[in-house]
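Enquirer: Read off the chains here:
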Amino acid sequence: MIAAGEPLIRWNWISGHGSDILARLGEHIELTVIAVAVGLLISFPLGVWAHRNRRVYAPVTWFAGFVYTIPSLALFVLLIPITGLTITTVEIGLVSYTLLILIRNIVAGLDEVPDDVKDSARGMGLTDRQILWRVEVPLALPVIIAGIRVATVSTIGLVTVGAFIGKGGLGQFILEGLQTFFNTEIILGAVLSVVLAFFAEAILLGFQRLLTPWVRASVGRSA
Amino acid sequence: MPEWSGFTGADYDVGAHDGLGRAARGAEAVTVMISLRDVSKHFSSSAGNAVNNLSLDINEGELAVLVGPSGCGKTTTMRMINRLIEPTSGAIFVGGSDVMKQDPVMLRRGIGYVIQSVGLLPHRTIEQNIATVPSLLGWDDDRIRARVTELTALLDLDDELLRRYPGELSGGQRQRVGVARALAVDPPVMLMDEPFAAVDPIIRARLQDQFLEIQRRLKKTIVFVTHDIDEAIKLANRIAILNFGAKVEQYAPPEEILRAPASDFVSRFVGAERGLKRLALISVADVEIEPGPVVQRTGTQDEARRAMREAGSEWVVVLDRDKLLGWIDWWMMEGGRNVAAVEPREFAAIVTPGSSLRTALDIIVQSRTHIAVVVDGENRYQGIVTLDRLTAELRP
Numbered sequence: 113m114i115a116a117g118e119p120l121i122r123w124n125w126i127s128g129h130g131s132d133i134l135a136r137l138g139e140h141i142e143l144t145v146i147a148v149a150v151g152l153l154i155s156f157p158l159g160v161w162a163h164r165n166r167r168v169y170a171p172v173t174w175f176a177g178f179v180y181t182i183p184s185l186a187l188f189v190l191l192i193p194i195t196g197l198t199i200t201t202v203e204i205g206l207v208s209y210t211l212l213i214l215i216r217n218i219v220a221g222l223d224e225v226p227d228d229v230k231d232s233a234r235g236m237g238l239t240d241r242q243i244l245w246r247v248e249v250p251l252a253l254p255v256i257i258a259g260i261r262v263a264t265v266s267t268i269g270l271v272t273v274g275a276f277i278g279k280g281g282l283g284q285f286i287l288e289g290l291q292t293f294f295n296t297e298i299i300l301g302a303v304l305s306v307v308l309a310f311f312a313e314a315i316l317l318g319f320q321r322l323l324t325p326w327v328r329a330s331v332g333r334s335a
Numbered sequence: 024m025p026e027w028s029g030f031t032g033a034d035y036d037v038g039a040h041d042g043l044g045r046a047a048r049g050a051e052a053v054t055v056m057i058s059l060r061d062v063s064k065h066f067s068s069s070a071g072n073a074v075n076n077l078s079l080d081i082n083e084g085e086l087a088v089l090v091g092p093s094g095c096g097k098t099t100t101m102r103m104i105n106r107l108i109e110p111t112s113g114a115i116f117v118g119g120s121d122v123m124k125q126d127p128v129m130l131r132r133g134i135g136y137v138i139q140s141v142g143l144l145p146h147r148t149i150e151q152n153i154a155t156v157p158s159l160l161g162w163d164d165d166r167i168r169a170r171v172t173e174l175t176a177l178l179d180l181d182d183e184l185l186r187r188y189p190g191e192l193s194g195g196q197r198q199r200v201g202v203a204r205a206l207a208v209d210p211p212v213m214l215m216d217e218p219f220a221a222v223d224p225i226i227r228a229r230l231q232d233q234f235l236e237i238q239r240r241l242k243k244t245i246v247f248v249t250h251d252i253d254e255a256i257k258l259a260n261r262i263a264i265l266n267f268g269a270k271v272e273q274y275a276p277p278e279e280i281l282r283a284p285a286s287d288f289v290s291r292f293v294g295a296e297r298g299l300k301r302l303a304l305i306s307v308a309d310v311e312i313e314p315g316p317v318v319q320r321t322g323t324q325d326e327a328r329r330a331m332r333e334a335g336s337e338w339v340v341v342l343d344r345d346k347l348l349g350w351i352d353w354w355m356m357e358g359g360r361n362v363a364a365v366e367p368r369e370f371a372a373i374v375t376p377g378s379s380l381r382t383a384l385d386i387i388v389q390s391r392t393h394i395a396v397v398v399d400g401e402n403r404y405q406g407i408v409t410l411d412r413l414t415a416e417l418r419p
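Residue numbers (the numbering used here), protein chains in the order written: chain C, 113 to 335; chain P, 24 to 419.
Hint data in this document are derived by calculation from the structure and do not stem from the laboratory.
All C-beta atoms, glycine included, are put in the ideal place defined by N, C-alpha and C.
Some clues are possibly wrong.
Said to hold, decoys possible - DSS-like, lysine-lysine: derived pairs with alpha carbons at most 30 Å apart:
no., chain 1, residue 1, chain 2, residue 2
1, C, Lys230, P, Lys346
2, P, Lys270, P, Lys346
3, C, Lys230, P, Lys300
To be verified - Per label pair, the in silico range of CB-to-CB distance:
no., chain 1, residue 1, chain 2, residue 2, range
4, C, Leu190, P, Gly194, 57 to 67 Å
5, P, Gly161, C, Ala170, 39 to 49 Å
6, P, Leu241, C, Phe311, 31 to 41 Å
7, P, His393, C, Pro226, 55 to 65 Å
8, C, Ala170, P, Ser286, 25 to 35 Å
9, C, Pro325, P, Met129, 23 to 33 Å
What the hints assert, rightly or not - Under 8 Å between C-beta atoms, here's a sample of chain P residues computed to sit facing chain C:
no., residue
10, Met129
11, Leu144
12, Ile387
My request is simple: use the sequences and hints to build the entire structure.
Expert: Shown next, in the form of structure tokens:
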């Protein structure tokens with residue numbers, strides 16, 4: 113892929129395109145955050161529903177799994193006649209790919225909440241809604257956030273494909289670099305995507321630790 | 024909150040249920056706090072009824088233990104009281120009101136609930152766990168904090184534990200937090216499902232003792248489920264021995280169940296050593312203490328010999344007024360000496376009125392005598408218990 117006769121990186125090009133880089137990085141983050149947030153909004157009720165009603169679990173995950181297997185580029189092409197070359201088209205694709213991971217982890221997280229904890233909560237007079245928000249969701253958080261981490265990292269990778277319809281964040285650099293045989297852009301896009309993925313992973317991990325202080329406290333004792 | 028006061032349910036004489044005349048609690052009227060009337064529960068997954076036509080009353084301030092083999096329906100019975108399980112038929116009254124006519128959530132907030140695995144919320148600190156129901160009821164922070172402080176003192180919990188998470192506590196500490204949490208809003212009724220089963224025997228015994236002490240002070244109405252008959256005997260005011268389908272084989276104070284098991288099922292369930300277990304429940308003060316042969320330190324030899332002859336013994340208890348000095352026998356007074364001239368020997372077996380007959384038996388057997396002397400805390404002589412008296416108690 114690397115073009116011959118061209119240096120790997122032209123640093124002066126990078127320093128001359130600072131604002132472009134920031135803009136595309138910003139777009140990449142924006143596309144990712146929207147995709148994961150909307151994915152979560154859709155997955156959460158579906159996950160809770162599937163957790164409570166086992167018969168729903170199979171069809172829901174089958175559908176999410178089916179969407180997941182459609183090649184991303186093909187999905188964009190299918191959507192263009194309907195939603196055009198817009199951010200909506202990219203987001204529909206990106207959101208679809210988060211669903212399987214998120215729903216699975218939400219259900220797995222809720223399944224892991226010990227029955228005796230739910231029983232004692234009910235016995236003390238918590239309503240079903242209070243049990244969900246005050247007991248089940250907090251205790252499922254480690255598994256749910258693990259799902260969000262995987263979904264986020266895979267979305268950061270997928271966003272680059274959006275470059276084919278002009279909404280690809282850092283993917284735009286990669287595509288342009290490929291079209292113009294310009295190594296600097298290819299490497300810049302790829303490296304920044306990877307760095308962004310690492311950052312996202314680290315931030316979410318920190319967030320998870322912050323939200324679930326009891327996990328480390330308890331592990332500390334048994335260790 | 025459910026209204027507890029003003030209940031004028033069926034009053035009856037507890038004396039009628041008390042097989043022992045000598046317990047003599049008199050004819051004080053008691054109030055029924057929990058009443059199950061012809062309660063049945065059918066689970067669609069099984070053929071028979073898990074609970075079949077059960078009727079049971081539990082008095083205010085009483086600790087009633089439901090005991091029986093696993094699968095007998097004891098836990099199902101308990102869980103119907105706070106509507107964690109809905110009865111198929113029949114009625115349940117708590118504090119005089121029909122639980123089926125109450126909002127289950129509010130009903131449960133007014134009833135303490137402790138389960139075997141405790142079920143503390145792992146993601147909340149000990150303080151937050153204890154404060155669960157007060158918070159649900161909207162108590163303000165100061166009131167909650169004051170109550171948590173009270174409960175940590177009551178259950179002898181370290182203040183430092185309050186900021187910890189349940190995962191950082193030992194099994195025994197978790198059980199105590201579970202009890203504290205159930206007591207948080209001072210509910211008149213508590214449901215406890217094998218609350219001490221998950222810890223080792225030494226800690227369990229300690230938790231039981233502590234719990235009994237608290238219950239003596241607080242006088243809650245408690246339904247306590249266990250499969251351990253010894254735990255039931257130790258804790259209960261009354262034990263309901265349940266057969267399959269929650270059929271009540273016998274519902275009586277522990278002493279009566281051990282003395283007069285109502286059926287083969289009950290005898291088998293309470294097991295061997297029934298007599299010894301029963302002796303552990305009766306205190307020396309509960310039985311007739313014999314006066315024994317007694318002489319004052321200032322007494323003459325004739326007085327001493329007369330006391331021995333009358334009692335048919337070869338020894339006599341020597342007292343200084345009402346204080347116990349020891350004993351002397353026939354031969355120690357050879358040569359016509361008066362009592363004061365002989366140095367009395369110490370008794371090997373001494374018990375107090377509060378000692379159990381089991382302890383008395385143990386002391387007598389170990390000291391290789393046939394009697395134990397009973398003295399109070401200030402060494403005042405009360406009388407003697409004999410081995411014969413204890414064996415008579417073993418075979419009623």
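Enquirer: Hint by hint, note whether the structure agrees.
Expert: These are the hints, each one checked on the structure:
1. Note on Lys230 of chain C and Lys346 of chain P: the hinted pairing is violated, with a Cα-Cα distance of about 61 Å set against a maximum of 30 Å.
2. The straight-line distance between the Cα atoms of Lys270 of chain P and Lys346 of chain P is roughly 53 Å, outside the 30 Å bound, and the hint therefore fails.
3. At most 30 Å may separate the alpha-carbon atoms for a hinted pair to count; Lys230 of chain C and Lys300 of chain P exceed this at roughly 38 Å.
4. Checked against the hint of 57 to 67 Å, the pair Leu190 of chain C and Gly194 of chain P passes, with Cβ atoms roughly 58 Å apart.
5. The hinted window of 39 to 49 Å between Gly161 of chain P and Ala170 of chain C holds, with their beta carbons roughly 42 Å apart.
6. Range check, Leu241 of chain P to Phe311 of chain C: about 56 Å between beta-carbon atoms, so the 31 to 41 Å window is missed.
7. A hinted range of 55 to 65 Å for the beta carbons of His393 of chain P and Pro226 of chain C is consistent with their spacing of about 57 Å.
8. For the pair Ala170 of chain C and Ser286 of chain P, the supplied restraint of 25 to 35 Å is violated, since their beta-carbon distance comes to about 51 Å.
9. Between Pro325 of chain C and Met129 of chain P the beta carbons are some 32 Å apart, a value that agrees with the proposed interval 23 to 33 Å.
10. A hinted interface residue such as Met129 of chain P counts as satisfied when its beta carbon comes closer than 8 Å to some beta carbon of chain C; here the least separation is about 7 Å, so the hint holds.
11. Below 8 Å, beta-carbon pairs count as interface contacts, and Leu144 of chain P has one with chain C at about 6 Å; its hint therefore holds.
12. The criterion of a C-beta within 8 Å of any C-beta in chain C is not met by Ile387 of chain P, whose closest approach is roughly 47 Å, and the hint is violated.
In this structure, the hints that do not hold are numbers 1, 2, 3, 6, 8 and 12, in rising order.
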